[in-house]
Amino acid sequence: MSFYHKFTEVKDLPFDVMFASVTGRDVERVLQKDRLTEQDYFMLLSPAAESYLEEMAQKAHKLTLQHFGRTMQLYLPLYLSDYCVNICKYCSFSFNNDFPRRRLTIEEVEREAKVIAGMGIKHIILLSGESKQHSSVEYLKKSLEVLKKYFSSIAIEIQPLNKEEYEELFRYGVDGLTVYQEVYNEEIYRDIHVAGPKKDFRYRLDTPERGAQAGMRSLNVGALLGMDEWRKESYITGLHASYLQNKYLETEVGVSFPRMRPHAGSFQPKVNVTDKNLVQAMLAIRLFLPRAGITISTRETPEFRDQLIPLGVTKMSAASSTVVGGYSEPDVTQSQFEISDDRSVEEIKRLLKSKGYQPVVKDWQLI
Amino acid sequence: MRDVLTIGGKELTNRLFVGTGKFADHKQMGEAMRASNSEVVTVALRRVDMDAKEEDILHDIPKTMTLMPNTSGARNAEEAVRIARLAKAVGMGNWIKIEVISDHKYLLPDNEETTKATEILANEGFVVLPYMSPDLMAAKRMRDAGAAAIMPLGAPIGSNKGIRMKEMVQIMIDEIDLPIVVDAGIGKPSEAAEAMEMGADAVLVNTAIATAANPVEMARAFDYAVKAGRIGYLSGLGPVSTTAKSSSPLTGFLG
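Each protein sequence line maps, in turn, to chains A and B.
Sequential numbering from 1 applies to the first sequence in the UniProt record's numbering.
Sequential numbering from 1 applies to the second sequence in the UniProt record's numbering.
A couple of the hints might just be wrong.
[What the hints assert, rightly or not] If the Cβ cut is set under 8 Å, some of the chain A residues that face chain B in the computed set are:
#: 1; residue: Leu65
#: 2; residue: His67
#: 3; residue: Gly69
#: 4; residue: Arg70
#: 5; residue: Lys122
#: 6; residue: Leu249
#: 7; residue: Glu250
#: 8; residue: Glu252
#: 9; residue: Lys353
#: 10; residue: Tyr357
#: 11; residue: Gln358
#: 12; residue: Val361
#: 13; residue: Lys362
#: 14; residue: Asp363
#: 15; residue: Gln365
#: 16; residue: Ile367
Keep in mind that the hints were calculated from the coordinates and are not lab data.
For every residue, glycine included, the Cβ atom is placed at its ideal position computed from N, Cα and C.
Construct all of the structure, not just a fragment, from the sequences and the given hints.
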């Protein structure tokens, strides 16, 4: 059993017709319920539910307050390497993009760690392009030995690994795994992932599950919004998160909402996902999975992020650099994507406090 | 008469325990704690940041309170034990609330792993307060393993649903010769009073205070409610009956 089985059951459903058939009354009924089924979640993603965004927002706010309180977890990304063997149409790190590649030395990893830790941040996520040679498990282990001195929680967003490799990294202090499927439409997936190991849709789809089996404390999934019709993508993302939550009860499952941003290649989003759409997707997942973490990245503008805070978000990054070595040496090389919100950790903390939220920099302890 | 609750050799006169999670800021948290008059506060070690100095959660907790670090985040006994030892190592005392959650959907405690951790830590000299799903046999095992008090949940944590497990909690109050602290699920002061009227030795409240519109006033309300419920219990609540007692239709002939 894998999520792929569930995925094959739903992937060819007539989504357009089904979404269009949802009525306002259906949505009202869902809003009366305490526990939502997959069908209920589907209805909240429908065009009919757009007329109920305020009601959904009120409920989402209440649930988030109840389960997470007036708190917001802060974290920062740390890019280790931009070497990548994949050719992906939408990504700046794509193998066929010609730019000077870089992998941090262990000394440079420590330099970056010091800058991030100096901002008071305790939770980080390590990122790299996909290259078994450059971002190898051995290299990661050496980096972790240094990073453990500075951080209390370390997650990874790197190439998919096998279960044994995840087990090894878990022993070295990695506790969280983020892997976005990018798009839950197999045809589009094949089209945008032109060459390289990332072409294997199924292997990537089963990656969070391998992480859970290896003992990871938290998993984070998501679809890159803009790759396909967002209602369907959001629905399958929610099913994926729910599948993981039900099967791996001991693991915290979170969902992110990365939206396509302009980048160096010529690829542009296939579908325009508006602010309103993104809000609907986020509210629907909060009502469906009340305890799931929700992350909103610095891809979004400061104005929009500020408005999203009370709607169910539980994790935010700040002062993010998407460049290898970007904290200790600003102005270097190629970023993976352009960020829109470049406010500092202090600015984000002030903002959260002004909105009545407590910025949380530490919510785990390496044990 | 002095009504004292003794746990781990410590005499407590206030029977409201409070938590530190979910507050908008630490200053407000500290004020709420003072308003609650509580003497015991639980803190998740995972949230303690020794590098943060005045921004750290411990900074704003009134110094007179007894710290009860908890093992939030532990998924099994081994992790709980490691967290407890870390808490002691950073100077948080020897009280420990064991929280082992291997279910992230409802956040229900794992009684079996909790019992294992209780035994290990009690043997190491900790004052162990296990948080558990109300189950008499599990509570007995925790008692035998060396628990100083038992903390059954009233309803799933953060649910604010009140004492949904009333019958089970009542059985534990009646049968377990250790202090019973009702933890989790209490959403309103009246529900805290209800738990105390049932004979619970104390209650632990966090979400209902931290997420109230005015947490400081809500903390005060819980203080009163717990006191009222306790006095109600001690003064001997009248028996509840659904039938009239003025006559004895079946035994009246006995005169």
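Among the hints numbered above, which are violated by the structure, and what are their numbers in rising order?
Hint check: nothing fails, all pass.
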